[in-house]
Structures are given as C-alpha cells and as structure tokens.
Amino acid sequence: MTGGWLHHLIIAPIALPLVVSALMLGFDERRRTLKRILSLGTTVALVAIAALLFVQADGRLGSDAGDGPRAYLLGNWPAPFGIVLVADRVSALMLLLASVLGFTALFYAQARWDRSGPRFHVLFLLLLTGVNGAFLTGDIFNLFVFFEVLLAASYGLLLHGAGAERTKASLHYVTINIATSLLFLVGVAMIYAITGTLNMADIATRIPLVPDSDLMLLEAGAAILGIAFLVKSGIWPLSFWLPRTYAAAAPPVAAVFAIMTKVGIYIILRLSSLLFGDSASGAAGFADDWLIGAGFATMLFGTLGILSVRTLSGVAGHYVLVSSGTLLAAIGMGGEALMAALLFYMVSSTLAVGALYLIIEPVERNADEEDMIAGIAEPVFDDEYTGAVEEEENEIGVVIPGTIAILGGGFIFCTLLLAGLPPLSGFIAKFAIIDALFGGDAISPTAWVMIGLIILSGLATMISLTRAGIDLLWTPADDAPARLSVVEVAPIGILLAACLALMVGAGPLFRYMEATAETLANRVAYIEAVRFAPRAGEAP
Amino acid sequence: MEAVLALAIGILTASGLWLLFRPRTYQVVLGLALLSYAVNLFILSAGRLRMDAPPIVGDDAVDPALYVDPVPQALVLTAIVISFATTALLLVVLIAARGLTGTDHVDGEDDEA
Chain A
296 MTGGWLHHLI IAPIALPLVV SALMLGFDER RRTLKRILSL GTTVALVAIA
346 ALLFVQADGR LGSDAGDGPR AYLLGNWPAP FGIVLVADRV SALMLLLASV
396 LGFTALFYAQ ARWDRSGPRF HVLFLLLLTG VNGAFLTGDI FNLFVFFEVL
446 LAASYGLLLH GAGAERTKAS LHYVTINIAT SLLFLVGVAM IYAITGTLNM
496 ADIATRIPLV PDSDLMLLEA GAAILGIAFL VKSGIWPLSF WLPRTYAAAA
546 PPVAAVFAIM TKVGIYIILR LSSLLFGDSA SGAAGFADDW LIGAGFATML
596 FGTLGILSVR TLSGVAGHYV LVSSGTLLAA IGMGGEALMA ALLFYMVSST
646 LAVGALYLII EPVERNADEE DMIAGIAEPV FDDEYTGAVE EEENEIGVVI
696 PGTIAILGGG FIFCTLLLAG LPPLSGFIAK FAIIDALFGG DAISPTAWVM
746 IGLIILSGLA TMISLTRAGI DLLWTPADDA PARLSVVEVA PIGILLAACL
796 ALMVGAGPLF RYMEATAETL ANRVAYIEAV RFAPRAGEAP
Chain B
36 MEAVLALAIG ILTASGLWLL FRPRTYQVVL GLALLSYAVN LFILSAGRLR
86 MDAPPIVGDD AVDPALYVDP VPQALVLTAI VISFATTALL LVVLIAARGL
136 TGTDHVDGED DEA
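Protein chains in written order, with my numbering: chain A, 296 to 835; chain B, 36 to 148.
Careful, some of the hints might be misleading.
[Said to hold, decoys possible] On the chain B side, residues computed to face chain A include the following (Cβ under 7 Å):
(1) Val63
(2) Leu65
(3) Leu76
(4) Phe77
(5) Ile78
(6) Ile115
(7) Ile117
(8) Thr121
(9) Leu126
(10) Ile130
For the record, the hints were derived by calculation from the structure and aren't laboratory data. Backbone N, C-alpha and C fix where the C-beta goes; we use that ideal spot for every residue, glycine too.
With the rest of the complex left out, here is chain A (with noise of 0.2 Å):
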C-alpha cells in the first residue's frame, strides 16, 4: 500500500459530504444548530481535504509517487474493471475552487436562508459530493452518476424557498436537464459500442485503435456526450434558462451554482485532452473549431445580455456565460500557454460571480421602493422576507456599522475583478490569455476576435454593474439603511480575500497553473497511472 492513509484521502471529498448528509437526514429539521455545525463543519473539513489533495498533487506530500496522477481503485478492482477515481493538478484545482465556494456560500446561508425551506444543508452536502465526484472520478458512467447526484441536489436547492418564480424556473430547468441527461446515456453508449470499454484511460488507449469505418460514429457519440456538458456550461444557443434560473434561486444557492457550469467546462477540458489530443489519430481534436465558433457566440450574446438586462441578478447571470464562452473558446483553440492562463481565469471568475451573487441581495436590500418599480432593481427575492426575517429578527446576529461603506466597497471590488480591470486578479487573468493569444508568431484572426471579445465584455460587464452601483448605492435614501450581519458579510470578504490572495499569489500560482497545463498535456502519464495503479495487499 503506497502513501499510507494520505492514498485513501481521494475517497474523502465524495465519502464525507455523502456520510454527513445522509446521517443529518436521521435528525429532527428543529435541530437546526445541530445542522449548522455539522454541515460548516462538514464544508471546512472539505476545504481542508481539498487543499491536502492541491499539495499533493503537486509532489509536495507523500513524494513517494511524485507529482503525476493518482488513480483510486474502489473495491480493489484492476484498473478497466472497476471504478477508479483519478486525482491530478487538475481536478486538485477544482475541487478546492468547489470547497471554498461551498463553504462561503453555506456561510451565508446561516444567515436566514437556511430557515426557508427544509432539508436545506442535506441538499446542500449532497451537491458538494456531485460535484466532488464529478472532478474526481475517471469513468465516464460514474460521471453520469455523480452529474446525476449533483443535478438532483441542485433541483431541490432551487426550489429551497419555493415561491412561484422559482417554480416556474425549476420546471424549465428539471425539464432541460432531465433531456440533457439522456443525451448523455446516448453518447455514453455510443462510445461504449464502440470502444468496448467506459474508463476515460481505456477509453483513449483504443482510441487510435478504432477502424475508419467506425471512426464517425465514435466522433458522433462524443459530440453528443459533449452536447451534454455544454449545455450544462451554459453554450450558446443552448444557454437561455441559464440566467434565468440563476436568478430565480436564492443567493447562496445562486453562488454555489456557479460552480456547475465550471464542471461541464472540467469535463469538456478533460474529455478533449484526454480523448482527443494530439496522438489520438483521426479523431484528434475534431471538434475544436465547434467550440471557438460557440464560444465566441456565447461571448458575445452573454455581452449584450449584461448590457440589456436591468437587474443585478441578470448581470451575474450573464457574466457566467461570458465567462464560459470564454473558457470554452479557449479550449477550443489549445496551446500550453493558453491552458494556464484560462485555468487562472477559470478560479478568479468562479470566485468573483461568487461574490456578485452573494453581495447582490444586501445591496438591493438598500435600494428605494421607487427605485424598485422603475425597473433598475427588480425585487428578485421578493418572497424570501416574507417570514424568513420577520420569524426571528433578533437571530441575524452582530450587526456591524457602516453597511453603506462596506456594501459598496466590496460591491466596486467585484467590479474590478468581473471587469477585468488592474489591479485585481480579474485583470491578471484576461491579461494571461490576451498575452497567451500574442504569444506565435503569426497572430491568427481568431486571436483577434477573441481579444476583442474579451475586451468588449469587460467593458460591458463594468457599464452595467456602475449603472446598477450608482443607483443603488449612491443615490441617498430617505430610511435607514437595512442592517447587515457579520453573517452574511464575512463570506462575501473571504471570497473576496481569496481573490485577493491570488492577486497577491499570482506569481507561483501561475507555475502551479502551468504545471497543470502540462499535465493537462500529458496524456501518457494518467493513462498509465491509471492502468498500473496497484492494487491494495499488493506490491506496487
């Protein structure tokens, strides 16, 4: 056995979440300190797992296996056989992107949200582990599980609170994702027929194997499982429940989402790599000119979406498209350079939509009831003050002075970082891929687009959000403003904080991020990881 109980921390970030969620079912939903505790507990341990995975991966813990790919065999099944989770670089990422965003969004949510509606911290752990999962696992079948498990959570937390626009949302929103997902049994059985096999490594070892003759059914199957994610990334044309949705659901569940679209943005990233890099014959990298066209168009609706929409949540909503088409473009368009730059871009949007998601609420709170009906700040939330508040007014906790100063610091932070403006990390990305763009000789006028793009959205994103900001924060209101809570605050300053670290960070982050740009890259070392992993009792 290798590495000692360090090898078996895979299993942790599915294993955790998954235990406590179905023990706090066992209890009574009045117990609701009890739950509290147990799911933030639940969600630090997550953060503290995920960033032990993070150093790990990077051969700086248990060094005995260095700093490639490791496979987790469940069951102690060989490799093809059975299930295996794989933990690199990449998924290392993702999973703490996830936990920290889990965790500061659960924060928040002690602050009322959490009272609405029932079962909300099951709910909420069991998205985690979908999620979890979803970075982790090396099958493409237990993906569709664990996209299963994440999507079922997601279903009930935007109904948390009920009201009918959230209904109406969920209706669309189950419906789609119910069709999306036999898209995806249909891909996955494609390729199945095909390769005879379901494990990602397997699958990309007989890749190069397969007869001409079949080639274009296999390029079928992965176009249609890819259709799958994309839809969950929110890719134009396939994208207008998403904002909707996402404003539809409450703040801290709206936060959390949008660590979704990222997964089906991880899974693309891995499936093209993995499956289509540059060996793998001629199939290789089939549908890359597919993805540029749909992310360029996702850029650009995403930026007439913020320039048109007229309340906060439906910026948000629409930044996270601009942020997938750019991601996707990205993929689309390949090189090392790139890759780096994108995951960067990828940790620093997550986090600052975040933020947005989270601040929008207080700072809407503030706004006139004038200002209201006119349109510019759409009471979204409308039916979460009835009995959220007034049940228990004085359990909001230590509320802090200066609610203005505060909201509207953190509201221009946010700012800065979705516009992509210096000095923040928001900037330091767009200028890593605008860099990676130039970086050939030649520049090719895909390039051009897309630094036009990147720009013209970033400029968009900063026109709508200093409309909304000056008259929702600057205008002077006759009442007091609303009171604020430690609460609600401390998430919103740890995401922010985070950002800022990053900034702060930004130079060894990036030889982190370049590092798994390689691994990205290095498709041998994870299929062999995964193909010799050893078995427990078993000399490796």
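Following the hints, position chain B against chain A.
Just chain B, lined up with the frame of chain A:
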C-alpha cells in the same frame, strides 16, 4: 430482431420528441418518459444484440462467446432508476407550478385564457 428494436427506438424517440415540444406540462413529462424508454433500449443495443445468451458467467463455462455483454444491462438498470426518480420529481414540480400559476402551460401563463 435488429429491425424491430430499431423501429421501437425510432418510434419512441419520435413520439417522445413531439410530446416534449408540446405546450402542456403533462405532455412534456410523458414525452420525457418515452424518450427515456428509447434511450434505455438504445443502451441495451450498445452491447450487441444476442438471443438466448445469459449475461451472468457461471462457474463451469468460461467461454465469453457464449454470454451477452453484461455491462449495458447494468447501465440500463442505473439509468432506469435515475430517470424514474427525476420524472417523479418533475411531476411534483409540475403540480406545484400548476397550483401556483393556475395553468398547466409550460411558461406558467396561458395565451388563450
């Protein structure tokens, strides 16, 4: 055998898609149910069609040519359970939406009313 299965999948998919694009929520649910049957049959066919071949390998015979591929059957079982559960959930959302909006139109508002 192949023709029958292909026809069944095709008819189920076509009917399912037609129902999926209808404006009433109940039709959409039925459409999704039909589509999931079609997909389940499709997964089964991914393991190649074999008549009268058991999927479980016994102790005495080990010649894999005598058996049908057991993996798609296991996949179908999982897929059936998951689509059953999500359809049940969708029905609950449907009833809630019907109660809250007063119409069974998928957009929650009826043009004709």
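Open item on the list: Name the hints, by number, that the structure is in violation of.
Closed with: Of the numbered hints given earlier, those the structure breaks are 2, 3, 6, 9 and 10, listed in rising order.
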